[in-house]
Amino acid sequence: MTTLPPTPGQTVGPFFHYGLEIERGNELVPPHTPDAVLLTGRVLDGNGDPLQDALVEIWQADAAGNVPRGRAMLRRPSYIGTHPVRREGTEFTGFGRSATTAEGEYSFWTVNPGAAADGSAPFFAVAVFARGLMNKLHTRIYLPEASDALAADALLSSLSGEERGSLVASRDERGNLHHDIHLQGEKETIFLAFN
Amino acid sequence: MSLSSQQEITDEIRARHAEYKAAVAAGAPEQTQPDIGFAPYRSSILRHPTKNLKLVDPETIELFSPTYGQRDVADVESDLTIQHAGEPLGERMVITGRILDGDGRPVRNQLVEVWQANAAGRYIHQRDQHPAPLDPNFTGAGRCITNDAGEYRFTTIKPGAYPWKNHHNAWRPAHIHFSIFGSAFTQRIVTQMYFPGDPLFPLDPIYNSIQDQKARDRLVATYDHDLTSPEWSLGYRWDIVLTGTQRTWSEPEGAEQ
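From first to last, the protein sequence lines stand for chains D and V.
Read in order, the letters of the first sequence are residues 1 to 195 in this note's numbering.
Read in order, the letters of the second sequence are residues 1 to 257 in this note's numbering.
So that you can see chain V by itself, here it is in the shape it has in the complex (with noise of 0.2 Å):
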């Protein structure tokens, strides 16, 4: 199968979005979730689901989230920089920002995971096949735990964009990748940040198969000057909300003895 040329591509979306609109337009809900159909994102067009997702309550174990302390992650985890023997090459920067739920509330104590490629844009996955150099002093990986304010804080480099081969010469912003547990299981949500004004966001199927741009905002970070620590890091802030309420919010979850 031939690939789809950027135009292509962009079409596609523009069409799609352009429907979107006009369904807005006439009285259809705002998304805030992703088009899990979203034909521009080729690999998506076998691996959605076509029915209708089937509303339910959510029931007992679903009511809960795996539990997680302050002590289930070392604070090593949550620098990137400082995995290796040296420094990773690329721009420093600290990532911070508050888990909230629907109601605002903080969540407290869960685990926050994040990955990402190095400032080539090259992933340290073995199956990355993207000729870009791989930094010794890199993983790319990292952890941490919301503390009592929902917050979650790391250190790192600005991950580079890549090529991947959706269409061709098809090139993903620069990205994050983070995973996150709410207080319920029904919360749990992997979802990925961008950095402002980033110019390949038009290009992008996976960053637009979001369909409304007040959704597509949420996921891009914004800078911080109060963040940055003269000669030595940028900082940028990225707030994130679940889906829903808390089953409580009174109930220290994992709260250290």
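Isolated chain D, as found in the complex (with noise of 0.2 Å):
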């Protein structure tokens, strides 16, 4: 029985950068190593621009479907200057941050999450901030091919075709993934709320 009070959230604001911003941090494996996959997307707002303040944060399951417990990376950009490099080794810590570029683009190198139980559909689970959003939004990123999965899954079952689309990525010949993030609009992504 939950007692106390939530402290609010507010919004990230546009300089964010500078206190959130970890060295290489949308890199939970290094690029273009054999099982990386690359997760790109853009973040949009009512008119369909991007938002070029917006914060992407994933975490997720590592390739087998369990719960990484590596340390999460914390380098932080060079130009702080005086703080020691971290990094607890390669151990997959499944959290990744970006933020988004001039275009509106999130980007992620990253392995596709494996299922957490037989027939369970894996799914990124994602948070995303911005400028001029007032609070944190939860989402989910979906992989595109378990489809007897998709079908049986308790959020999108619950969903319309459309709607469920907003949480499904596609993915390329490459076998990379693609998934904008529609804050408003008609292709306004389902955002989450918690029981």
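Keep in mind that the hints were calculated from the coordinates and are not lab data.
The model shown is predicted, which means the values in this text are computed figures rather than measured ones.
Here a beta-carbon is modelled for each residue, glycine too, at the ideal position from N, C-alpha and C.
Take these hints with a grain of salt, some might be off.
Cross-link-like lysine to aspartate or glutamate pairs, in silico, DMTMM-like; alpha carbons within 20 Å at most [stated by the list, open to error]:
| # | chain 1 | residue 1 | chain 2 | residue 2 |
| --- | --- | --- | --- | --- |
| 1 | V | Lys54 | D | Glu186 |
| 2 | V | Lys51 | D | Glu186 |
| 3 | V | Lys165 | V | Asp128 |
| 4 | V | Lys214 | V | Asp226 |
| 5 | V | Lys51 | D | Asp172 |
| 6 | V | Lys54 | D | Asp49 |
| 7 | V | Lys165 | V | Glu19 |
| 8 | V | Lys51 | D | Asp180 |
| 9 | D | Lys187 | D | Glu162 |
| 10 | V | Lys51 | D | Glu105 |
| 11 | V | Lys21 | V | Asp11 |
| 12 | V | Lys54 | D | Asp180 |
| 13 | V | Lys54 | D | Glu163 |
| 14 | V | Lys54 | D | Glu162 |
| 15 | V | Lys214 | V | Asp35 |
| 16 | V | Lys165 | V | Asp11 |
| 17 | D | Lys187 | D | Asp35 |
| 18 | V | Lys51 | D | Glu23 |
| 19 | V | Lys158 | V | Asp239 |
| 20 | V | Lys51 | D | Asp49 |
| 21 | V | Lys51 | V | Asp35 |
Selected chain V positions facing chain D (Cβ under 8 Å, derived; list incomplete) [claimed, not checked]:
| # | residue |
| --- | --- |
| 22 | Thr32 |
| 23 | Gln33 |
| 24 | Pro34 |
| 25 | His48 |
| 26 | Lys51 |
| 27 | Asp57 |
| 28 | Glu62 |
| 29 | Tyr68 |
| 30 | Asp128 |
| 31 | Gln129 |
| 32 | His130 |
| 33 | Leu134 |
| 34 | Thr139 |
| 35 | Ala141 |
| 36 | Val241 |
Using the hints, build the complex out of the two chains.
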């Protein structure tokens, strides 16, 4: 039973980069390695214009479907200067952070998350922050392949076809994933609140 | 598009708050979070979902959080006044508090990140065009890991108020940005801490996007004389409560070997 009222969120504002950026924070695995997958997409507003000041975080199972327990990556951008470089080994941490570019694009080098259980649909847990966005938004990015699992998924099966599409990535011929996040508009992404 | 005046923004804020109060008086639930479609904050207009959030049970990965340990950040990162060759200008102060879940249990070994303007109200960020001086001895970014009591602690200087372009002659109350991880990813929060008695509170659409006064009060730190150091620094206390409860509470998250 929850008793204490929660602290409210506030917008991340326009100046978060030097506070939150982590050097190569969007590389959960080294780029272009054999199992590496590039997950990219844009964050778009209600006019379909890209956001240049959004921050996307992913948190995911490893390729075998296990919850990573490797220490999260914390290396600082070099302009912070005096901080020692820190990263605990090469263990998969499952966490990544990507600020959008001038074109509104986020990107992650990672691996396909595995299914947490037999028959369950693998997905990336996603948090979105932006200037102009008063509070964090949670969503999911599902892998497109496991069609039976996607059909059986508790969340996806509760949505219309179009809504479902806003949560499932597309895969190109090179194996990379693409997924736009629409904060508003006709293609508005389904965002989540948790019980 | 011409900018609204402060009076127009203030009137919009008051009207929205009056509507909210009437709704609560008529039996609507009290809000604990900001209204994401709060039009007095102009940038929010095209940047918030208009559909209701979809209520789901968190699954697997969402019930866990990235793992951190006490050694993952350097001690120097929690003291924003010693990151350069000299001392930054401004009121030196300590900010400390506990991070708790909804049941009052401490959130241990989790990452707290802060960033802020300098004493003149200028961010080091290259997009900040406020013509106030940069401080060569102040970056304004810090990190720490909560201890076993769920406590964080930063030493810094008090940030200045700064102008922005939401409306004509818009000024943000002094604030420090906080980013916090809970023990579940669903508890992730980014927010802002304010200072008590700021005269800019009634004018600010970001602070006032939280329509409930009690909820707004939860973002305001308390001056605490017991946290001060004679001839050295002032002190503020600010506790943070994350949404919901933790997956377990006996499991040591990211404990040191």
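*Identify every previously stated hint that the structure contradicts and give their numbers, smallest first.*
4, 5, 6, 7, 10, 17, 18, 31, 32, 33
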